[in-house]
Each structure stands twice: as structure tokens, then as C-alpha cells.
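Asks: Chains as they are written, first to last, in the numbering used here: chain A, 1 to 481; chain B, 482 to 772.
To be clear, the hints were calculated from the coordinates, so they are not data collected in a lab.
Check before you lean on any hint, since a few could be wrong.
SDA-like cross-link-like pairs, simulated, lysine to any residue; straight-line CA separation at most 20 Å [as the list claims (entries may be wrong)]:
{"no.": "1", "chain 1": "A", "residue 1": "K286", "chain 2": "B", "residue 2": "K587"}
{"no.": "2", "chain 1": "B", "residue 1": "K694", "chain 2": "B", "residue 2": "P684"}
{"no.": "3", "chain 1": "A", "residue 1": "K328", "chain 2": "A", "residue 2": "D233"}
{"no.": "4", "chain 1": "B", "residue 1": "K723", "chain 2": "A", "residue 2": "D434"}
{"no.": "5", "chain 1": "B", "residue 1": "K587", "chain 2": "A", "residue 2": "E470"}
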Amino acid sequence: MTIGAEEIYDDGPLYAAAKKVYPQKVSGTYRRLKWIALWIALGVYYILPFVRWNRGPNAPSQAVLVDIPHSRFYAFFIELWPQEVYYFTGLLILAALILFLSNALFGRVWCGYACPQTVWTDLFLFIERVIEGDRRERIKLDEAHWTADKITKRVAKHTAWLLIALFTGGAAMLYFVDAPTLLKEFFTLEAPFIAYLWAGILTFTTYSLAGHMREQVCLYMCPWPRIQAALTDNDALNVTYRFDRGEPRMSVKDAAKAHARGEPAGDCIDCMQCVAVCPTGVDIRKGSQMGCIQCGLCIDACDAVMTKIKRPIRLIAYDTDENRERRKRGEKNLYHLIRPRTLLYVAAIALTGGIMLYALLTRTNSHLSVLHVRAPLYTQTAEGGIRNGYTLRFSNKLSEPSDFALTVGGVPGVTMSSVVAEPLPDGRLGVRVDPDATLEVPVYVTTPPDATPGASTPITFTAVDAKTGERSVVVDHFFGP
Amino acid sequence: MITDPVQVDKISGQTTTGHEWDGIRELNTPLPRWWLYLFYLTIAFSVVYWMVYPSWPLVSSYAPGLFGTTNRGLVAADIAAGQAARAQMAGGLEKATVDQIAADPKLLEIALAEGKAAFGDNCTPCHGSGGQGQPGYPNLTAGRWLWGGTLDQIQTTITHGIRADDPDTHTSAMPAFGKDGILKPEEIREVVSYVRTIDKLEPEPGVDVAAGKKIFADNCVACHGEDGKGNTDMGSANLTTKVWQYGSDIKDLTSTVTYARNSTMPAWGKRLDPVTIKSLAVYVHSLGGGK
């Protein structure tokens with residue numbers, strides 16, 4: 001084999017140098033919406049851990065708490081145990097469906113307004129702008145030699161970023177232990193090492209992702225922009241450059257000349273303001289693209305220019321592909337927010353939410369599970385009876401001890417015994433379970449001497465909570481020779 | 482072509498890598514620089530990892546790594562830490578007697594968990610995973626005990642073993658009635674059939690059970706008692722429970738009477754610590770057969 005000429009080839013550089021993005025300051029409707037979303041998101045993040053919720057003496061009084069040492073999750077009136085982790089599955093399904101719905105209605109609103117990457121990048125950009133100035137000054141500062149002024153600005157910026165990052169990372173820890181206690185311990189250096197470690201890790205990720213990586217996260221690390229392409233359709237409202245109105249681009253003067261000649265002239269004056277304000281550095285006029293997080297800041301920028309040159313606003317707008325086609329045909333804009341796709345999503349959300357709500361409202365404070373002992377399957381006792389062993393697990397989710405009375409039925413004449421439970425009159429067994437705990441109780445069920453139970457008989461265990469009257473019924477089998 | 486290496490895709494305006502499949506050229510979309518640096522970083526990390534951990538195979542062994550870390554050492558440290566944590570939990574078991582443990586729900590919970598683990602590690606090869614036994618090895622769940630089924634008796638049996646190398650071990654010796662010529666084969670046939678009748682089993686057809694009863698009275702009652710119910714003080718078996726360690730077939734019983742059995746159990750007091758033995762006693766007692 002010889003190497004063909006085509007195979008000796010210069011592959012070019014190994015990497016693409018990232019084009020640094022210097023988003024310009026902008027104001028308008030969507031910028032305002034983004035600020036509101038930012039303050040709500042940050043407000044919830046920082047205030048939530050300090051909200052109190054009274055659960056009685058034996059449970060934590062923090063409204064939202066992930067208690068890892070005790071394997072409990074608390075959210076207001078909800079307390080979840082590890083075996084109820086399916087509620088999180090439901091929550092994730094619900095979140096995904098809501099994301100699909102929002103996408104079918106308004107495109108990537110999540111990316112543009114609510115994603116933590118967007119929120120914190122916005123915050124970091126704000127700090128950068130306050131310290132180093134707007135787009136033009138920042139470009140100049142980057143190119144400038146290292147002077148005292150540049151050093152001062154850079155130190156100030158990175159210090160501010162690191163402080164915000166530390167508060168971000170530290171606040172995440174407040175969800176895992178009692179927030180006021182940790183807050184005090186954190187600053188008096190009495191907090192556990194793991195708290196500092198995780199605060200440090202999250203400080204680093206916040207600082208690097210919001211300060212340095214920014215749009216690179218959306219372009220190279222996040223899967224959502226890729227998935228998005230499969231979820232949008234012709235009726236979804238996406239940030240759109242209305243090229244039917246904007247093209248051909250030309251300056252105001254050229255447009256006047258063109259009009260005078262009776263030639264067509266678009267509204268876009270190619271001022272590049274939409275590109276200058278874009279936080280991911282894309283040109284929206286190239287159409288819907290992966291890099292666009294659809295935050296709408298280019299709409300604000302373009303509206304400002306259009307107002308200045310006295311042309312109608314919303315040359316860039318939340319619009320649909322369908323409407324662009326309609327306008328081409330000379331028809332009016334039409335918005336299909338209610339369509340089979342969105343109705344299906346709403347139905348799926350209602351179904352999932354309904355199931356979760358039903359499960360939450362009907363779940364009990366106690367639980368009984370029964371496991372038949374497999375070795376031996378049954379025992380021929382010295383007294384002549386047949387005995388089966390069962391491992392019962394009682395759960396008590398209340399914040400006070402619960403007393404259960406256990407009865408067994410289905411196999412005639414049997415008696416129960418257990419080294420853990422107290423025998424009660426009429427053959428029942430009494431089991432006391434500590435607050436917020438489970439208890440494993442081995443129970444032996446024995447037939448009278450010389451009884452001949454079949455190879456397999458259904459047997460029913462019924463546990464009744466003395467205080468609440470809640471009944472847990474479990475059916476298992478009684479085995480014999 | 483070498484003279485014109487950079488080719489440009491006409492539609493996208495992007496350069497291509499020059500790789501071509503059926504006329505389709507792959508667009509050159511390089512990764513960002515930070516991604517490349519991260520890749521270099523992982524290479525650097527792998528070199529450091531290579532040096533710190535044992536990873537170089539040598540002719541007959543391997544390079545130990547800079548700090549001598551081994552997975553076995555890490556596991557040993559984890560086990561030691563686990564045992565320290567367990568010792569703290571099981572601290573209450575040290576002073577308490579087995580009866581006190583059985584009466585205290587908290588101690589009982591710990592002892593049952595400890596005992597279950599220790600039983601799995603030490604006892605299941607003979608007594609089965611659930612204490613159900615197997616031919617030749619006693620069933621611990623049935624309530625039929627050679628040396629007694631109270632907590633104390635179980636603890637003593639586990640500690641000192643049976644016919645074990647221990648001064649306080651349980652010892653009893655059933656004579657090999659056939660092998661040693663004490664009983665003739667016909668007499669053994671008769672006593673076996675009688676023994677089967679006292680456990681409500683069918684005697685061998687045509688065998689003189691009354692004669693067997695007399696042989697039993699002459700040779701067996703000293704240990705097994707007149708009613709055949711045995712005696713846990715001397716380790717003689719109860720013959721009336723339908724639970725048989727060596728089987729109740731005529732063949733099995735004939736073999737037992739002819740050769741005697743006299744099996745053994747180690748003295749676990751020499752192998753296990755007192756807390757583990759107490760936990761084992763409590764656990765075995767809880768398996769349904771405890772007295």
C-alpha cells in the first residue's frame with residue numbers, strides 16, 4: 001500500500017480559539033423580565049433554607065432540608081424516606097414535561113431566563129460591567145498593557161466574582177444541615193470539613209462557569225441545545241429575525257435612495273447591535289441556531305434602534321416559522337398556542353401531577369412489609385407442629401412512638417411468637433416502633449401439633465396502629481410439607 | 482492535493498478535514514481550546530496517577546507506587562474503621578448477660594444483627610443459612626436440643642463446643658452397640674423398631690417390638706430415659722420429637738445403634754470474642770427453637 005496524495009493532509013489547528021464575547025449593556029422589556037427572573041431565582045435560592053417549619057420535637061424544623069445522615073428529605077409538609085425516592089422520579093418526569101411544554105410554547109425560555117448558568121452569568125456580567133465598563137471599554141482593557149488601573153480593575157472584578165461564588169457555594173450547603181447553625185459555624189470556622197470542601201468545590205465551579213466559561217457551557221457542555229432541535233416546531237415562539245421585513249439590509253440613506261428608485265429596501269440597517277448585546281455572541285439574523293439561548297436581548301437592542309430611526313419595532317421578535325410563511329403568502333399572523341402537541345403535554349403533566357398528588361395525599365404514616373424466611377422454608381418442630389418464619393419490618397413516620405397490634409389470619413389455629421414483640425391477649429403481638437424509625441421483627445407462626453397444612457396456604461398479616469387506627473395488611477404464604 | 486491542502490465546503494463555507502466518504506467531506510469543526518487543555522490535563526493526571534498508584538507490572542511483581550497504596554490496605558483500613566464503629570454500638574453487649582440482652586430491646590436489636598452476621602460467617606457450613614441443619618448436623622430451629630435450648634445453655638455449648646479440645650466441653654459417648662458386640666444384629670433390629678414406635682413411626686413388619694422394648698430398658702434408658710425423652714444434662718437425644726439429626730429410617734437408626742455417632746463441634750470460645758458469642762447465642766435462640 002502506498003499513501004495517496006490526498007491522505008497527506010494538513011488538518012489545521014487542533015482547536016478553535018474561542019472568540020471572546022463582550023455583551024453590551026441593553027435595556028428594554030426582555031432585559032427587565034430577565035432581571036425579575038434573576039431576582040426571583042436568587043431570592044428563592046438564598047431565602048428558602050431559612051424558612052422554618054414546625055414538625056414537633058423529634059424532627060428538624062427547617063422547611064426544606066436534605067438530611068443525609070438520617071436519610072430523610074423534608075419539603076414543608078412532605079417528609080420522604082429513601083424507599084420513597086420514586087417521588088423524585090415523578091418530580092423529574094414532571095420537570096421534563098414542563099420543559100417540553102414551555103419549549104413548544106415559547107422556545108428556550110428556560111435557557112434564556114431561568115437556567116442557573118444564565119442567571120449567574122448575568123450576575124457576573126453585571127459585576128464585570130460595573131467594574132470594567134461596557135463592551136467597548138472591556139475590549140480596550142483586554143488589549144491594554146498591564147497598568148495599575150488594569151490591575152486594580154482585574155483584582156476588583158475577580159475578588160467580587162470569587163465572593164459571589166463563595167456565597168453561592170456556601171448557600172448550597174444550607175440545604176443539607178440546619179441553616180442558621182451552619183451559617184454561624186461556617187464563619188467561626190467550626191463547621192465540618194465536608195461543608196468547607198463542598199462550598200469550595202461549588203465556589204470553584206461557580207467562578208469558572210459563570211465568570212470564565214459562560215456561553216461555552218451552552219455551546220459545548222449542555223445537552224439541552226441539542227435536544228431542543230427535536231422539540232421545537234413551526235408553531236413554537238422562537239426569537240426570530242423577520243428577514244421578510246429586514247432584507248435586503250442597507251443603511252437609512254441607502255434605503256431612502258432605493259425607495260426613490262422604486263427598489264425594495266429592508267428595515268435592517270446592519271448596525272450589528274443585536275450581535276453586540278448577545279450573551280452567546282451569535283448573529284440572530286442567521287436564523288434559529290444552537291448557540292441562541294433565546295433570551296430576547298437582541299429584541300430589546302433592535303427595538304431601541306428601530307425607535308430611534310422611527311421604524312416599527314419588533315424586527316426581531318418572538319415569532320414562529322409558520323407566521324413567516326403566512327406573511328410571505330400575504331396572510332395575517334396567527335398564533336397556535338393550543339395545538340395537539342401542547343395539549344398532549346398538558347395532559348401528560350396533569351396525569352403525572354395527579355398521580356403524584358394522589359400518592360402524596362393517600363400515603364400512610366405507617367407501613368408493614370413482610371419477607372418469608374427462605375431457609376428453612378418451614379420447620380417441623382419438636383412439639384409436632386409446622387412453623388414458618390417471617391421477617392416483618394414496621395415503619396413509623398410519626399414524630400412520636402407508635403404501638404402496633406399484629407394479627408395473623410388464613411391458617412387455622414396458628415400461634416405467633418417473636419423475641420422482639422410483646423405477646424398481647426388473644427394471641428396478638430404488640431410492637432413498639434420509635435418515632436421516625438423502622439423496626440425489624442422476626443415472627444414465627446406455628447400450627448398446633450399434628451396439624452397438616454397444605455404445601456402453600458395464603459396467610460394474612462394485619463398491623464393496626466393503636467393511636468391512628470391505620471391498618472396495614474400484607475398477604476404472604478404459609479408453607480408445609 | 483498537497484499543493485492545495487485546505488479545502489473549503491462550498492455550502493457552509495467551512496474548511497473540511499479532507500476525509501472523504503463517497504464524495505461527502507467531513508467539515509472541520511475543531512473543539513474549543515479549553516477543551517483541548519482539559520484533555521492535556523487528563524493526560525498529565527494519568528501520569529501522576531500512574532506514579533502514585535501501583536500500576537507498572539514488573540517481571541515477577543509490580544511497582545508499588547509512591548506511597549505504597551494498595552486496595553487490600555484500603556479495604557483493611559475500612560474494615561478496621563467499620564469494626565471500631567461496631568464496637569462502639571456493641572459496647573452495651575460486653576457487660577450484659579445473654580438474659581439481660583434478650584430483655585432489652587435496644588441490646589437485642591444489636592445482638593440479633595451481630596449474631597446474624599457471625600452465624601453466616603461461622604455456623605452456616607454445618608447448620609445451614611437459617612439454622613435448619615442437615616443430616617448429621619442439628620436443626621437449631623426445631624426446638625429439639627441435645628445440650629439444652631435456654632440462652633445460657635446455648636451460650637455454654639457455643640463457647641466450649643462438643644467433644645472439643647476444651648476442658649469444659651460437652652462430652653457424652655453412646656456405645657457402638659453393634660460394632661463392639663454388645664447387641665446382636667437381630668437385637669438391634671428389634672430395638673430400632675421399638676424406638677420407631679415411641680416416635681409414632683411404623684416398626685419393621687414382623688419384628689418383635691416387645692423384645693425391642695426389653696432391650697431398650699436394659700441398654701438405653703440410663704441415658705435416654707424410660708420414655709425416651711433424653712436428657713440435656715448428659716446430651717442424650719430426645720427420641721420422641723420426629724426431629725432426627727441422623728434420620729429416622731430403619732437403615733439410619735440401625736446404623737446409629739450399630740456404630741454410634743458422637744459428632745463434634747469446635748469450642749468457639751477459642752476463636753470468637755465473648756460479645757460475638759453472646760450475640761450468636763441470642764440469635765440462635767431467636768430462630769424459633771429457643772426455650
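Asks: None of the hints should be skipped; say for each whether it holds.
Replies: Each hint tested on the structure:
Proposed proximity of A/K286 and B/K587 is contradicted: the alpha carbons are some 71 Å apart, above 20 Å. Note on B/K694 and B/P684: the hinted pairing holds, with a Cα-Cα distance of about 12 Å set against a maximum of 20 Å. With a C-alpha separation of about 18 Å, the suggested pair A/K328 and A/D233 falls inside the 20 Å cut-off, and the hint holds. Annotation: proposed proximity of B/K723 to A/D434 is violated, straight-line Cα distance about 41 Å (limit 20 Å).
The suggested pairing of B/K587 with A/E470 is violated, with an alpha-carbon distance near 26 Å, which exceeds 20 Å.
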